[in-house]
Each structure stands twice: as C-alpha cells, then as structure tokens.
Amino acid sequence: MRNSKRTDKWALWAVSTLCLGIPAVFILVPILAFVLNSLWHNDAGQLVKRLTLENYVAFFTDEDMRKVYFRTVFLCLSATVTNLVVGYICALYIYRQKVGSRLVLILIFTLPLFTSYIIKMYAIRGILGHRGVINELLIAAHVIQEPITAFIFSQSAIFLTLVVLYLPFSVLPIYLAMERIPENLRLASDDLGGKESHELKHIIFPLSLNGVVVAAVFTFVMTFGDFVTPQMVGGIDGYTFGRIVYSQFGVALNWPLGSALAVILLATSVVVALLSSLLLKLGVSR
Amino acid sequence: MQTPQELLKLDNICKSYGQTPVLKNINLSVYGNEFLTILGPSGSGKTTILKILAGFEEATQGVVLLNGQDISDMPINRRPFNTVFQDYALFPHMSVRKNVGYGLIVRGVGRAQREKRVDEVIETVGLTGFDKRLPAELSGGQRQRVALARAIICQPRIILLDEPLAALDVALRGQMCKFLKGMQRRLDIAFVFITHDQQEAIAMSDRIVVMRDGEIEQIGTPESLYAEPQTRFVAEFFGENNLLDGVVHSGDGTWAEVEVETDMGYLTCKSNNTATAVGARVAVAVRPENIDLLEDASRGYACKIEDIQYSGATYIVELSLQKASQIKLKCRLHGSRLPPALGVGDIVGVTWAPGSAVVIGKRDA
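Those protein sequences? They're chains A and B, same order as listed.
Each residue of the first sequence is one higher than the one before, counting from 211 in this note's numbering.
Each residue of the second sequence is one higher than the one before, counting from 18 in this note's numbering.
Hints in this document: simulated from the structure, not taken from any laboratory.
Each residue gets a CB set at the ideal place from its N, CA and C atoms; glycine is no exception.
Take these hints with a grain of salt, some might be off.
[As the list claims (entries may be wrong)] In silico lysine to aspartate or glutamate, EDC-like type, Cα no more than 20 Å apart, as pairs: (1) B:LYS340 / B:ASP363; (2) B:LYS26 / B:ASP223; (3) B:LYS115 / A:GLU406; (4) B:LYS115 / A:GLU409; (5) A:LYS405 / B:GLU74; (6) A:LYS277 / A:GLU264; (7) B:LYS115 / B:ASP136; (8) A:LYS308 / B:GLU75; (9) B:LYS68 / A:GLU393; (10) B:LYS195 / B:GLU154; (11) A:LYS308 / B:GLU74; (12) A:LYS405 / B:GLU75; (13) A:LYS405 / B:GLU253; (14) B:LYS149 / B:GLU137; (15) A:LYS411 / A:ASP447; (16) B:LYS26 / B:ASP90; (17) A:LYS491 / B:GLU154; (18) B:LYS345 / B:ASP309; (19) B:LYS195 / B:ASP205; (20) B:LYS26 / B:ASP205.
[What the hints assert, rightly or not] Pairwise CB distance ranges, derived in the manner of DEER restraints: (21) B:GLU23 / A:LEU490: 48 to 56 Å; (22) A:GLY231 / B:LEU151: 32 to 40 Å; (23) A:LEU228 / B:ASP104: 35 to 43 Å.
The following block holds chain A by itself, in its conformation from the complex (with noise of 0.2 Å):
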C-alpha cells in the first residue's frame, strides 16, 4: 500500500515534470532568448552583448515603422471580426443539423486544415491574381475591361486571403462551445415559451462567447504573427508588421532589432488576449 503510494508520487512528479517542462523548454525558453536579444546593440550585423533600450526606441521613433504597425493591427482585427462573423453563422449553421451530419459539416469547414498552406495560398492566388478567376470572369461579364488589382497585391488581397486561410479557426472553437451547451437547456426555453429567436439571444449566443473570445485570440494572434501570406499575396503595396520582423532577421540582419519588434508583437497579441477576456466577462450580465 505504502509503496504503490510512494510509486505514484514518482509517477505524479514524473508527468508534472513532463507537462511543465516541455512547454518551459520549448516556449518559454525562446521567449526569454528574444527578450534577451532584443536588449543587445547591433554594431553593422555584428552582435555587440552591451545592454541598451535602442532597439525599442527605434520602434517607437521610427515613424514608417509605427505606421506599418498600426495599419497591420487594424488589418488583422478586421480579418478578425469578419472570421468571427462569418465564423460564428457558419458554427450556428452547423450546430442546427441533425447530430449525424454535424460531424461531416465540420469536416468539409476544416478540410482546409488538412491541406498544405503553399498549397492554399497559390490556390487563393489562382482565384484573386491578375489573370485569376475573378477578374477573367469580372471580365467576360464585361464589368471591367481589363485585369484590375484589388485583389491582387494590396492591403485587400491580403484581407481576403486571411479571412479565407483562418475561417476554420473560428468556426471550429465556436462550434465547440455551442456543442457544449446542454440540450436541456434548449429545452428549457422552448419549455418556458421562448421562440428560436429567443434560444439564439438568451441561451445559443452567451454560452458560445467563450468560443468567440478563443476564436479572435487565434485569429488575431495567428493573422498578426502571419508573413507568408502578406509577402505571398501583397505585393510592394502589402507590407505588415510580421513581413517587417521577418526581413530584420533574413535580409536586414539586424537581430536584435528583429528581437525587439518580435516582444511587440508578441506584446500585442497578449494585450489583444486579455482584452477579449475582459469583455467576456463585461459581455455577461447576470
């Protein structure tokens, strides 16, 4: 008895060992290894290790790059709201079959997922491009006379491709929150003489917010923290705050630099993250 005790609390301090330390080594770890970089001098590509804030004050001095920043932040919580939106009729569409085909739904919205992003991406490019699907089509309906850019190459197209890319990521925690609400309580509505309308107001919609708030914390997050898709899809014209990030470490060479926006970027995605929890929490009144 003592000793199957005693094994089990080997086996309790072996697996919280486990489950604390894989994420300490792989994700906090690297997150100290940018705050630490990002506090370095860069001399001319040459990493200096001498303490300084410059890195930062460049950031908020450096009025182009401020202007990148905010413009993508603004972006990325359109495309956010948009998934959300759309995300949220989409879970509300699914969650309203049948039990059966439910779970076929879900998978045709997240097909996606199951697909390479290259793939998606040159795939969203055959639709939206120069001589692409929409505007060949904009132009035998004779609407245009010849290939336009709005699609293409612009802060438009980039919006696009990211509702489009990110749409499941919404639907599919949406879903799950409405999935766990209990059918009695539906029930309960229908009992006490409330119409779908007032299931959809009262019941459907405050029980999925939680839903919502992690649907907009991935999106945001994933959107903000997205360079493939502004260099894939937008052009000169689709320069965003990750693409800026990205170029300090690959091009510019500027590390440090690259560190520090890389905080901000991860600063803002938590600051959003705690925003949307907080107007959960205002959102549901007793």
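Given chain A's structure and the hints, the job is docking chain B onto it.
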C-alpha cells in the same frame, strides 16, 4: 377534490423507437388540480410519457387531449405546461431573478410588471434574498426551488416534474416532498410528478400511476394501491408483501370472498379481481403487519420461527410453514403483540383476518 374535472387525457398513446416499443396503449387522465405521480422502475416508460406531454417527443400513435382538444401537434412553446427538469436545466449564466423571469421575458411582459411578478414568485418559493445569485452559487434544494419558480411564473395548467428529487440527499428529499406538495395545494394546479421512489409517491400523490415495461399496471390512490394491489408487481413494489400462489377453490369471482387453495390449505381471502374464476391460478397477498402470531400452534397455520429481528417500534419475524418449509412468511409485530415466551425455533399458529388478504390474478406471475 369535488367533481374532479378532466383537464388532460392521453388517449391510447403508443411510442416506439424503431422496432422497440416503449409505451403501449397508455390511457390516462389528469384532473384539474391533482397531484398525479407516475411511478415505475427505470425503463418503464414514465419519462417518455412526460416528454410526450411536454412536447419534447411525439407519440407514434394516439392523441393528447387538453380540455377535449387534440394538442398532439402543438409546439412545445405554446403548450400551457411547464417542466421542472431532472437536472433542473437552470440557465447557468443567468441570475436567479433572470432564470425565474425568463418565461415573462420571452412573452414580452413589460419590465415593471415582470419585476413585480418575479418578486412574488421568488417569495412564494422562499428564495427572497437569493435573487442575484447564479445557479452555481446555490444548494441543490435552492436550485430545485428556482426550477419550480421558473416553471410556475407563467401560470401553466400543469407542472411536469421529471424526477426532481433524484439528485438530492435523503434528508433534503423529505423536506422537498413536503414543499412540493404544499406548493401544489397552494397553487391549486395539477402536478404530474415522475419518480421511481415509492416513498415519494406515497407521501405526495393524490393518485399514482404504476408503470411497468411501457404499460400501466394500476392507477389509484396511494391507499388503494397499498391495500388492494391488482397485480403481483404492484403488490411487491409498494412495501413488503407475502405472496402465496394458489388456485381459486370457490366463490363468485366478483368482489366476493373466495377460497384459495394453496399449499397452506384453504385461505379465505377478499377478491378484488374479476378474473378470479374458480380454478384460476392466483396469488394471495398478505401484508406482514396483518399477520398475527398465536402461541397455540393448532389454531391457524403451524409455522416455525426462523428469525426475529428487533427494529425499534416493531419486531420482524420470519417464519416457514411446517408442512412445506420452502414457503416463507414475514410478519411485522408491535412489541406488545409478540408473545414474550416465543423464540427462534418455536412453532406458532399464524392467522390473519380474512379481509386483509388480497387475491391477485396471476397475469404477470
């Protein structure tokens, strides 16, 4: 209840899931202000009846009549019944006040009137002062009261209660029984109460419907079900009973005295069953408390005392028939009625008043 008025009628309701029948030819009336309990073991179909009443399920066959009108196709939200769910189904994100007021909110009742009515109902169920709390911040009994308050606020014709006491501990259950019965009297509307607990049923009901395997076994007052069970199942489900198999020896078979030939010889029993024709195989049910023990074994049936258990107010004496020791009897005696000289192994005479034994047709033996 003077001249009970039939409010609701289930007319020949059948329900099956695929090939499996769960309800077979249910005919049942609910009167205007009665406390009706549907009692049965799990799987007997009692909850299905409630679901059909509430509109959650559709009957495969038969109709539900409200004041003579067919309401089988009436949507859930238009039926003048409200349900207290087994797990209460309180809205977890709403305060007690909002939960209770929900039925009025969806009916578009104005704020001032709504608040006033909510206050009244919250006071009726004794939850004044708890109205700002969330369901998670309440005890089981309080949640139960919220569920009831939420159901009564729209002044339904019938309250449907689906095993609402199952989740409570025993002490609280007794208290809630009293509370529910009191509420039903006070509101003067019909309660249809589902349970598998015969104690609850006996304590609260005006009438009890005993269900078994999707069929109604017997409908009656608690007293009549206890005193005059019509089936073996009812006889054993309500309290303890001694059941003796036998054959009808004589009698006219309708509310008359019949003699039943059993292994114990002829027993004179009251018949409440028209099926007890001469020669019919029946069982005789004798309640343990109706059996008398006599020191003189030559009077009555000679039995050997197998065991005596003392349980405070009463002694429970287990007996076996001397002529056929496989036949066991149980007898419950108040202390003063147990002859002091008797002990385990003694032979005693067993008797009962002829009217206290009941003949049960063996249709479900």
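Hint by hint, here is what the structure shows:
1. Distance check on the hinted pair: B:LYS340 and B:ASP363 sit about 15 Å apart at the alpha-carbon level, within 20 Å; holds.
2. For the proposed pair B:LYS26 and B:ASP223, the alpha carbon gap of about 17 Å is at most 20 Å, so the pair holds.
3. At roughly 18 Å between alpha-carbon atoms, B:LYS115 and A:GLU406 fall within 20 Å of each other, so this suggested pair holds.
4. Under the criterion of a C-alpha separation no larger than 20 Å, the hint pairing B:LYS115 with A:GLU409 is consistent with the structure, at around 14 Å.
5. For the suggested pair A:LYS405 and B:GLU74, the alpha carbons sit about 18 Å apart, so the restraint of at most 20 Å is met.
6. For the proposed pair A:LYS277 and A:GLU264, the alpha carbon gap of about 19 Å is at most 20 Å, so the pair holds.
7. Of the supplied pair hints, the one linking B:LYS115 and B:ASP136 holds, its CA atoms being roughly 11 Å apart against a limit of 20 Å.
8. Only pairs whose Cα atoms come within 20 Å are accepted, and A:LYS308 paired with B:GLU75 is accepted, the gap being roughly 17 Å.
9. The straight-line distance between the Cα atoms of B:LYS68 and A:GLU393 is roughly 14 Å, inside the 20 Å bound, and the hint therefore holds.
10. The straight-line distance between the Cα atoms of B:LYS195 and B:GLU154 is roughly 24 Å, outside the 20 Å bound, and the hint therefore fails.
11. Restraint check for A:LYS308 and B:GLU74: satisfied, since their Cα atoms lie roughly 16 Å apart, inside the 20 Å limit.
12. With a CA separation close to 19 Å, the supplied pair A:LYS405 and B:GLU75 stays within the 20 Å bound.
13. A hinted pair counts as satisfied when its Cα atoms are at most 20 Å apart, and A:LYS405 with B:GLU253 does not qualify at roughly 45 Å.
14. For the proposed pair B:LYS149 and B:GLU137, the alpha carbon gap of about 15 Å is at most 20 Å, so the pair holds.
15. Under the criterion of a C-alpha separation no larger than 20 Å, the hint pairing A:LYS411 with A:ASP447 is inconsistent with the structure, at around 41 Å.
16. Between B:LYS26 and B:ASP90, the direct Cα distance comes to roughly 15 Å. Compliance with the 20 Å bound is thereby established for this hinted pair.
17. With a CA separation close to 17 Å, the supplied pair A:LYS491 and B:GLU154 stays within the 20 Å bound.
18. As the CA atoms of B:LYS345 and B:ASP309 are separated by approximately 15 Å, the hinted pair is consistent with the 20 Å bound.
19. Our distance criterion of 20 Å between C-alpha atoms is met by B:LYS195 and B:ASP205, whose separation comes to about 15 Å.
20. Of the supplied pair hints, the one linking B:LYS26 and B:ASP205 holds, its CA atoms being roughly 19 Å apart against a limit of 20 Å.
21. In this structure the hint that B:GLU23 and A:LEU490 lie 48 to 56 Å apart at CB holds, the actual value being about 51 Å.
22. Our hint of 32 to 40 Å for A:GLY231 and B:LEU151 holds, since their Cβ atoms are close to 37 Å apart.
23. One distance hint, 35 to 43 Å for the beta-carbon pair A:LEU228 and B:ASP104, holds here, with the actual separation near 37 Å.
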